[in-house]
Structure formats: structure tokens, C-alpha cells
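Position chain B relative to chain A; hints supplied.
Chain order of the listed sequences is A and B.
Take the first sequence: its position 230, counted from the start at 1, is 230 in the UniProt record's numbering, and no numbers get skipped.
Take the second sequence: its position 163, counted from the start at 1, is 163 in the UniProt record's numbering, and no numbers get skipped.
Since the hints were made in silico from the structure, they are not lab data.
Check before you lean on any hint, since a few could be wrong.
[Unchecked claim] With a straight-line cut-off of 20 Å between C-alpha atoms, the simulated SDA-like cross-links for lysine to any residue are:
1) Lys-42(B) to Asn-131(A)
2) Lys-327(B) to Ile-62(B)
3) Lys-157(B) to Gly-290(B)
4) Lys-42(B) to Gly-57(A)
5) Lys-42(B) to Gly-232(A)
6) Lys-42(B) to Leu-49(A)
7) Lys-269(B) to Asn-131(A)
8) Lys-49(B) to Asp-60(A)
9) Lys-394(B) to Glu-231(A)
10) Lys-188(B) to Leu-49(A)
11) Lys-199(B) to Gly-232(A)
12) Lys-269(B) to Leu-38(A)
13) Lys-320(B) to Asn-131(A)
14) Lys-343(B) to Glu-231(A)
15) Lys-42(B) to Tyr-66(B)
16) Lys-415(B) to Gly-387(B)
17) Lys-157(B) to Gln-33(A)
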Amino acid sequence: MGKALRYLALAGYVVFLAFPLLWLLSTALKTPQEMASLHPTWIPRAPTLTNFADAFGEQDLVGSGLRSLVVAVATAVLTVVLALPAAYALARYRSMINRIALGWVLVSQVFPFILIIIPLFMVLRRLELSNTLPGLTLVHVTFVLPFALWMLQGYVRAVPRELEEAAAVDGAGRVRSLLSVVAPLLAPGVVATLLFAFISSWNEFLFALIVLKDPDVATLPLTLVKFTGAEGVVRLGPLAAASLLATVPSLVFFAVIQRRLRSGLMAGAVKG
Amino acid sequence: MRKKVALAAGLLVLAAGCASEPPAAAPDGPVKIKFQSLAWQKESIAANKELVDEWNKANPKIQVEYVQGSWDNVNDQLVTSFEAGDPPDVIHDDSPALSGFASRGYLLDLKDKVPAELKSDIPQAAWDTVTFADGKGGQGVYGVPFLQESQVIIGNKKLLDKAGVRLPTPDSPWTWDEFAEVSKKLTKGDSYGVAWPMKSPVNKVLNLGLNFGGTFFRTDGGKTTVKVEAGEREVLQRIHDQLYKDKSADPAALGMGAADPLPGFYAGKYAMLPVGVYLRQQVVEQAPDGFEWITLPPLKGATAEQGAVSQTLSVAADSKYPEQSLKFMSFFLNGSNQVKLAKGDWLLPTSVKAAGDPAMTTEENGWNVATASVKNLVVAPFLKVNGFDEWKSKVATPTLQQFFANKITLDDAAKKLVDEGNKVLERYNQ
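This is chain A alone, in the form it adopts within the complex (with noise of 0.2 Å):
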């Protein structure tokens, strides 16, 4: 009985949590006509495609996904390169300094982006990077570094320096301990880092909308909005088509990392 209360739960939470990605298939499929039903359905009464042709139609949506894709990608891998080596040394070395660039990592994040935008666009001109993808990579990785940053050096300190001093004790130099007893403990670290990274990015908007002008460098979210007019209004269709397809690669990815995720955790049960 309370297995099968805690498989119904469960079953409710995926529900709940599936909701609206199942309302936006129900939806890029529904005519116009049934979506501004006063009584909506979930199975739409006469499925049609025509809002995906539409989308498609209408919009670079297969460009402007592998733009966001490249550049997210990028983020998520600099990011965490980044901020690797130096969420190490904010874990296992404790000063002042560190104390203070910890501080001043969290201070960072209550700054409205707004504010920074126009030097920050005028300092991407000024590098000839506005208007381009490594330019937007760069502006990615900047406001997601901090707190990958403030995340990694969580994940170091939760591994036990007296991993590392038994590995020394058996005759393992400072690379060969981090690579072989601390690089596999981090990993689930890692890989969280590289998902927020990747999400953070692939959904991210004002910036991408202040970098990127020109059409052939626009990213989806960019592209996205084309389908919003005036005062609100909307065209439902080709959005929802367009969305529930923006939503693929990330799905995509969760679903090939989540499993690097597990392993990683493995790994390092077996080590410790």
C-alpha cells in the first residue's frame, strides 16, 4: 500500500512537472480556431501541422537553434574551465582574499544586468565582437561565471581533504590526486556546473538581444519573440510549435548528461 501511495505521488509530480510541456505539444497542435475555444481540450479535436510549417515558414528556426546551441554549448564547457581551477583554490586555500573574492562573487549577483549593458556593448565593439557568437559566448560566461564559480567550490569542499592526503601518504603526486582521487568525486559537480551553464545560456535573452542585430547571428530566443505583436497579442500557433521544438535540445541534453551525473556519483563512492 505504501509503495503504491508513493508510486501514485510520484506519478502526480511527473504530471504536474510534464503539464507544460504537454500543453504546448496539445497546443502547437490545435487550430486556431479550437485554441480560442472557451473550453479547452487536451487532445486537439483536428491536429493540424500548420503551425510548424508556419513556424518554419516564417522563421530561421533550425539556424538560430544551432547558433544557440554552439553558443551554449561554449558557455557551459568555458565556464566550467574557468572556474574549475579556481573554485580549487577558493576551497583549499582559506585567506582573507578568498574569504573577500567569495564575497565579492555573491555581491556580483545582485547587480541588475540592465545597468552594464551599454559599456559592456561598447566594449564588445570596440573588441569588434559585437554582432557575433564569440562575442555573446563571452557575455554568457561572464554572467554565469560567478556563481558556477560560488557552485564548484561548494562540490570541492564537500570532498574531503583527507582524500588527498592519503593519496600523498601512498605516494601520488598533487596532478595524480586531483586527476585520479579528486577529479571523479567532482564530477557530478562538474556536470551540474555544465547544465546550469548550458540553461543558462540557451535560454538567455536581453543580452543576445542587445549583442546580436543582425538576423543571421540571431540565436532562438531572439527568434522566438518575432512570433509576440503589440498589446500582448500573441500568434499562439507557430510560438507554441516553435517552443516545444526550443525545448528539444535541452531535453536532449539533460537526458544524455543526467546519466554522467549518476556515474560520477558511483565513482566516487568507489574511491572514497
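Below, chain B alone, put in the same frame as chain A:
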């Protein structure tokens, strides 16, 4: 780790090569200008792209690149572009946004630059919507107005016929009193005569307020203050009465955006919707088979006047090719092209030639009624008020929402609009 860094850096350099800015035109090559459009409806995007293609084929030396922006965030994007000196050459926006841009010197003054043919094809009332202070003590023209919106009423034809009410025409519109009577007649059981979507109530109220001479602002000796007197109170009171005295308007619709009451309209829950002319497109697209609807002309108070704002094309002050941009704009906004643009956006052309086109005066989908409403449009007084945006967001929107939700009286609302509003405007008057 080094390999990873090198790989990432390599990827970025590669991507930079793929996505760098287009090369500048060669000295004797074609001039390239960027046209940022805010078209968003399917037909409108098609019309815009078709006209750009037509221009590009006929003008190999002035090539236009179509860039699509969005209404949601265009002004944030433009401010950054202006500040950084990298705006599009030709800019689509609406007239309320131009005032601030003009006073900061972001836009080119087109006063003496618009070709005579285009200038004379657009009435002075429309030019007034784009004439603003230049920030140096003078006045300039900072855009070419080409599409306008009026407030009409979309009605459920079957319900109106069943109620046996007189259907108004542009020559004989309903007065607000008649409208109130008809709304009461159409209210039965769970169905309401009218739904007032008031999620963003300010522009609607200020535009309709002109029916009774309500201008909401007074300027004396260069100083602008808020006024809420008899003329300004009239429309506010009448809508409030429909909501709480006659109970012919659904209070549940107050929090809705412009298009949100449409499902209820199709289902017969609301018999009439006072909305912008462009919403007819949504009705055509979404209404169930057999649904009969009708476009009714604007209401009449002391007059049928409404405040007008325009969609505009402007040239950036920083544009390297202002002459070429203006040539393109003159083509893009000629009479026959305005017909295509107006049809695509379901709005009203400013061009006199376009307004007389058979496509704009057909009875189909209420175009005749919509186009006739242009004669009631006058420049919205708030367009000229420095600080209007802040007054609107900080004072007027919350105050009107409270008033329409019946949480404060009209006297309270008037006091707030004036007292708090004048504090806001004081800063702009200095």
C-alpha cells in the same frame, strides 16, 4: 586542461570567422542599408519582405537588408543601439517612442527632407503625431507616419440582431448613452453586453477621453500639469457605471489583455468588444465557422474624436546613408504600398490615396467602417508630454486599475492622477 582551453578558444575563433559583421560596401559597390521592421503578423511580414525585394531588384545600388525586430523589446534594443552608435538605418516604431529619441538627438529631422508627393499624401493630423521638440528649442519631424489605429467596437451580429437594436454607421454612430442602453439590453444571465479588457488601461482611456474633450494634460508657459476635470471624468465614469451600476460589463474581463476576451466573445459570453481595429484579424482567423460578426464605428460623445498614434518609419541620426534611406522610405510608404501594409497589419493607412483604394473601403471584414474612422483621429495630447511614460507606468496604470476594480472612487483616482502625476512631471518641466 590546456587542450580544453585551446579547443574552446579555437572554436570561438572559428565561430567568429563565421559570424562576423558583413563587409562594408566597396566604394563603387552598392550601398547597404538596414531596415528594422516590427511586422509580426504573417501577412504583414510577407508584405514587408515583398516590398523590400521589389526595391532591391529595382535599385541595385541601394540594397536594403530586412531585419525583423519585435514590439516587445524594441525600445530597449534601440536605446542601446543609439548609445553605441550602431542603430539600423531605417527604423520602424510607433510615434509615442519618437519623442524621447528625438529630444536626445537619435533621429534625423525629416522636416525638409520628405519628398513633396509623400508629404502631401499624408494629412497634417498624422504629421502632427511625429512632430516633436528637438531638444534644442525647436520642433522637428522625426518619422513618416504610415499606419494608424482607431478604437472600434466588434459586435456579435446575431446577438445584436436578436436584440433588435439600431446598428450604427460611420455617419450615424452610437452615442455613449446609446451604447450603454444597448449593452444593458444585451446583458442576460451569464452573458454581458460588453467586455472592457483593461490590463493596460491608460492609452485606451486617454484616447477615448477626447470624445468629451478630456485631454488629461494642460500646458501653460511651457509647464505641463495633469488635469482630471469634467471632460476627463466622463469616459472613466461611464465605463465604471457599466461595470458596477448597470452591470452590463464583465468585471472579470478587466485584467485581460486586448485579445483575451475573444474566446468569450466567440462563445456568446460578451456581445461587444471595444478594441483596436487590428483585432479584426484575430477574429477572422479564430472565429468558429458560422460566427457572424460586425465592425461598429467609434462612439460619439461631444465629438467622435479619438487620440491617434501612428506607426512610423524614421532614419537614425547616425545612419551613414540618410539620403538613400529616405529614398527607400518614400518608395516603401507610397500610396499603393501603404494599402499592402495596412491590409497586412489590419490597420488604417495614413496615405489619402491608400485610404481611397477599393481594398480599404470594402464591406468585407468591416474595412469600410474601419477606414471611415480615420476622420475621427486627432493627435493624442499625451504624445507631446515629456514624462508621459513615467506618469503612465508609475501613476496612471495602477490608479486606473484600482478605480476600475472599484477599490477607489473617481475623486480619489482623480486626486492621485493629478497630485502624484504632477510630482513626476515637475522633474521633466525643469
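- Honestly, which of those hints from before does the structure not fit? 1, 7, 10
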